[in-house]
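A.B. asks: From first to last, the protein sequence lines are chains L and D.
Under our numbering, read the first sequence as residues 267 to 931, first letter to last.
Under our numbering, read the second sequence as residues 1134 to 1202, first letter to last.
Derived from the structure by calculation, the hints contain no laboratory data.
Even for Gly, the Cβ is constructed at its ideal location relative to N, Cα and C.
Please note that the accuracy of each hint is not assured.
Footprint (simulated), chain D over chain L, 3 or more residues, beta carbon under 8 Å [what the hints assert, rightly or not]:
(1) 649-656
(2) 799-813
Examples of chain L residues lying across from chain D (beta carbon under 8 Å, computed) [to be verified]:
(3) L500
(4) S582
(5) A660
(6) I661
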Amino acid sequence: MCGVCGVLSFTNPPDLSLVTEMMRRLTHRGPDGCGYYRDRQVALGHTRLAIIDQTGGAQPLANEDETIWVTFNGEIFNYVELGAELRRLGHTFRTASDTEVIVHAWEEWGPASFERLNGQWAIAIWDSRSRRLVLSRDRLGIRPLFYVRTADRFLFASEIKALFSDPSVLREFDPVGFAQIFTFWSTVAPRTPFRGVEQVPPGHYTIIEASGIQTQDYWRICFPDRGEEPMQDLDRNAQELREAVVEATRLRFLRSDVPVGAYLSGGIDSAVTASAIRHYTGAPLSTFSLRFADRDFDEGEYQALVADRLGTEHQSIEVHRQDIASVFPEVIWHTESPILRTAPAPLFHLSRLVRRAGYKVVVTGEGADEVLAGYDIYREARVRLFWSRDPQSAIRPRALELLYPWMVRSPGQAPAFARGFFSRNLDPADPAVSHRPRWNATSAIRALCTPEWLVGAGGDVAGELVESMPEESRGWDPLARAQWLEMTTLLPGYILASQGDRMLMANSVEGRFPFLDPNLVALSANLAARHKLLGLEEKYVLKRGFADLIPREVLVRPKQPYRSPDASPFFGSDAPPWMAEALSPESIERTGVFDPGRVSHLLAKGRRTSGEGMSNTDNMRLVAVVSTQLSFQQFVEGDGSPPDTATTVPLGAMTSNDRLVSEGE
Amino acid sequence: MATEPERLEYELAILADLHRGSDFLLASLSAAIFVEDAAGIVLSDEEIEAGRLVPSVMDRVRRSRGQGA
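Model the full assembly from the supplied sequences, consistent with the hints where possible.
C.D. replies: Dropping the structure here:
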């Protein structure tokens, strides 16, 4: 895992000091070394976290005749097989790295290379033969890749802060990007929170040349038509899924030249991946878990059960409320986006524990909830559709009582409220019927915004997203449509970004995600929808497939989503000192997103209760305001440099391949 | 090779097992959600309240798949 950056110049040769500064802002992604390539038109930068071929894999790296150069963040897990195929086709390799496969694959297959890769990547290829820069991102958006175009150059980087190294790049919030965040929890690619800064959408590549920029997909999320799923036998499906999970996990555990650990959350997914490692590789395993001092959020009991059953070397870190607030400015520097929950902050502490334990790679369970239907939102949609078939039924709405048992005001405890809430926008013909309640609830944040801001935020972002759903999705099972929405918004924009890549890379740790293996994703799409969500039993086929390996207590426990205290860390005696300035009426006014009066009202509520017992909406609003204010301080008023509280990492030893220097310029 | 109604019956039995010991109505609702979604039929309140594996419901599942009662 690494940081990539670069400049394609349309006029003068790229400025080396700019590329060096870009690399300097990505050192947390790659502290083990750095390197650059430069010619008259392009400069490619790289900061390295050395994992495969530690001695020979320095980047940027070229093909045999040095006409194709690559800078790459990620892992290509099938590099051994691809390398063998490319050698048979006559390519000569100089290293044992997965990076080198990319340049030879591009040489051999061009853009068709990407669909052959099994991995997680942000790739930039400079093809000097055609004078094209090519950017590519993995299928589901595990690795980030941003770009911006100025008057005379094109810049790309793993993180936006590196683009802001160029003072000519505009640093301004994008109100439409914010409207997306205040609806979906994240922007939708190619949009970002910053005007003019875009990201390569997952499953796409972008070609930049003098004549313009073109973006093309090489992969799409797709499902068979409802009832046409080819995999209908439950027991066979459970077996085939198990084999696919084991293979995807083995590949991600074994293909590394450094030790690989694993996260254990206390839920099914990480228990499955850790079990697959222990039972199918025979290797010892170190596991890492997050504990909460606040027992409402803690899953330590289940983590211990899994660790004990598997006999892992287990470590955990206990997070207190003040630990969340104390790192929050640094967390926002890494997320580069407003967030609506504090949940990334504890994960920042967890990756630090991993790094301090001497590990730089972990296998994690993210992706299972999207691919195999684990979220409550899928259960909720199924109940609402069930209700919609006979809206006058006296007993159908009672099925709502099966939802969200972990919530303080669960539907079982507040049935009248639940009926009112879940009956809104209940249109079975709506392709986004699954997501309307969440989107509506999240949009309540906008009530805090100034009227001027809302005008700039434009129209109906939810409607635009629904319009962009593929034509063929009309024939899919409603569960598949809900999965598409989840895999297009929350997964790449929040789960894999703010909670995933950014919190791991903040401490120079690489995450590997077996449930996002392309073979496993394709197999899961072909499973009968009812096997993923059996009635209201989430991820049933996965549980059935691994029932003999997972402790029964973990298998049958009600699903508890990963959460952390939201408002309470920011109030009371432990409130962080930066809060007063960041949330002062003057600061709120300067930022221009929120109305100072409405924010004052919200803060007064928080102070009265020390942030305890605030509603779900107010918790979300509070975190949105705090994170927006910090984002403004750091990236609009500031130039993207790290906050004072952040730990900075020096630039590693540099390798260079500078054509301008070698040509004596 | 199991027929579709046989598969659904098998899966419904698994679901009933998962809900063993839980509130009867909620277990019945869960089974009704499964049957309606999988077989594309709509049950009456009476059928839902009657429980999980009432023969008349499975007859309807079979008929919906053109396999007779």
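A.B. asks: Does each hint fit the structure? Answer for all of them.
C.D. replies: Now the hints, each set against the structure:
no. : hint    : verdict
1   : 649-656 : holds (count 5)
2   : 799-813 : holds (count 4)
3   : L500    : 6 Å, holds
4   : S582    : 31 Å, violated
5   : A660    : 6 Å, holds
6   : I661    : 5 Å, holds
Violation of the numbered hints given earlier is confined to hint 4; every other hint is satisfied by the structure.
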